[in-house]
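These protein sequences, in sequence, are chains A and B.
Start counting the first sequence at 0; every next residue gets the next number (numbering that gives the first Met the number 0).
Start counting the second sequence at 0; every next residue gets the next number (numbering that gives the first Met the number 0).
A portion of the hints provided could be inaccurate.
It does not matter which identical chain is meant; a pair holds if it fits inside one copy or across any two.
DSS-like cross-link-like pairs, simulated, lysine-lysine; straight-line CA separation at most 30 Å [what the hints assert, rightly or not]:
(1) Lys299 <-> Lys39
(2) Lys115 <-> Lys7
(3) Lys96 <-> Lys162
(4) Lys243 <-> Lys308
Everything labelled a hint here was simulated from the structure, so no lab data went into it.
There are 2 protein chains.
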Amino acid sequence: MDKLEVFKQKINHFLSQENFNNHPANLYEPIEYTLSLGGKRLRPILTLAACDLFGGNIDDALKPAIGIEIFHNFTLLHDDIMDDAPQRRGQETVYKKWNSNIAILSGDTMFAIAFKYISQANSKTLPEILSTFAQTAIEVCEGQQYDMDFESKDDVTIREYLKMIRLKTAVLLGASLKIGALVSNATTDESALIYDFGVNAGIAFQLKDDWLDAFGNEDKFGKSIGGDIIANKKTYLFLKCFEKASSTDRDRLIELFSDKQMNPEIKIDKVLGLYEKYHVKKESTREMEHFFNLALAAIKMTSASQNKKDILIGFAEWLYKRDH
Amino acid sequence: MDKLEVFKQKINHFLSQENFNNHPANLYEPIEYTLSLGGKRLRPILTLAACDLFGGNIDDALKPAIGIEIFHNFTLLHDDIMDDAPQRRGQETVYKKWNSNIAILSGDTMFAIAFKYISQANSKTLPEILSTFAQTAIEVCEGQQYDMDFESKDDVTIREYLKMIRLKTAVLLGASLKIGALVSNATTDESALIYDFGVNAGIAFQLKDDWLDAFGNEDKFGKSIGGDIIANKKTYLFLKCFEKASSTDRDRLIELFSDKQMNPEIKIDKVLGLYEKYHVKKESTREMEHFFNLALAAIKMTSASQNKKDILIGFAEWLYKRDH
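So that you can see chain A by itself, here it is in the shape it has in the complex:
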């Protein structure tokens, strides 16, 4: 079993041992439900891996890793209320299964529990761990607000979009790694480099998500292809197409992305036709490669041993090259 799988099991074991089954039940049942839905446990794995990368004892990083995972799940819980999302990981969202008041409050509680675990980091760098985490939490909220703002904004630029996904998704991946590094007492420079690795890999990861929605293999991806198109979501692909398209095609694209009536298959077909015409697949792949290379450059500059770097590089490659 590879090292990252061991880390994942360690995290799932810890979570299964923790007792979230407290009173009042209306507060804690949604928390236990949310944490039992599973998921990739990407962020806490990164925390343990970064601690290991710089020679730390991963047991010292376990509690902050758990805190980060709980924080991430809290953001999903509140996002689902805001996005009116009925399902998460194939199950009903807390907001639908209970109600929005319970989802607000159990989310708030998860945020507090997350901080409790982060605060238990066994490290002389605790103040820096905390400031990294608090700043990241603020930025994740900013990213979600930009994402909501973009729904009604017609002139979103690619630069603004990249800033939004950096805040909403990438900084937490960077912070997960940085906190692991800080636990291992890595230097400020090394911690900053591993943060950059995570943020840039995170942007590539999110761009890949957009990419898979349009060009992925439906069987493997699990979601229907074209979900973002049907939802009129202004992803990187839409924005790049819009940037490159002729005036007539821009109008067509806007028309397609305003339509809520058109047969979905026809709509997806027409949009993909425009993406093909303007080489959006290639452009998007180039952008992903750009960020992936920035990530590689950052981790290469760290002083960690090559075989340990290879684990994280392999993980980022897997995220980036995945076809589902």
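Assemble the complex: chain A is given as a structure, and chain B must be docked to it using the hints.
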């Protein structure tokens, strides 16, 4: 000017200097709005006062004090969504002025900002400050959930009610004091005593709030008398009356507290009549005195100088004996 007024000015000055006017505007404008609505600044004053009580430098306690005040305002912001409250401190609530998604997310951001400030406590007791704060935040959420649960629960006991107000209101007052004490490097015992002082005074404070709603002077209290009665809120007064009433009067009380049609003045009059019949005013005063005396006993056991204790005792007396 008395010392507590100096503390309050220090807190308001700090808040006015901080720049919450960031981007995205939809996230930060509600935060700036909320913090500009004022309020008694009770909790951060207590933090500075407890730091001063044990001989600490109050400047070291300023950032955690600000963090506690921002946390408190975050809880009000989210509570207003859950309670569907249109006004707060005489102004529109964030939820009404913007919308509930913005209120959820700007609240989340305030929680993260609160932790940022708490984490900046300049003290070797930082881990204990953090665990106190995180645990308290969890308990405040539990209290709010119990409060919501009680709306549809017909057999709430006085014991359960006291537990609810302890969690929802009193523990944060206790933690505000304890964190100030920890900043001043007070001993574990002293910190625990000042926490007990705050929790017990906080319960008395909340009982007084209930009391004022029924027996207060409308001109001074600011709110209409009987608001809790009109809202069918099961306060201490209702529960005590129910506990003591005859079977017939219990039925009348339940009937009155189920009614949403009756003329408010008549309803208030009838309920106050029952409260008088069962000496609820006296019983409630006795309960307040009990908690106030527990608070006094706790602070008396600390080793602080009498003149400094007197400031906090005076403050608690003012809260407890206020007529508005």
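How the hints compare with the structure:
no., hint, verdict
1, Lys299 <-> Lys39, "within (25 Å within a copy, 54 Å between copies)"
2, Lys115 <-> Lys7, "both (21 Å within a copy, 29 Å between copies)"
3, Lys96 <-> Lys162, "between (33 Å within a copy, 28 Å between copies)"
4, Lys243 <-> Lys308, "neither (38 Å within a copy, 71 Å between copies)"
Going through the hint list in order, the structure does not satisfy hint 4, though it satisfies all others.
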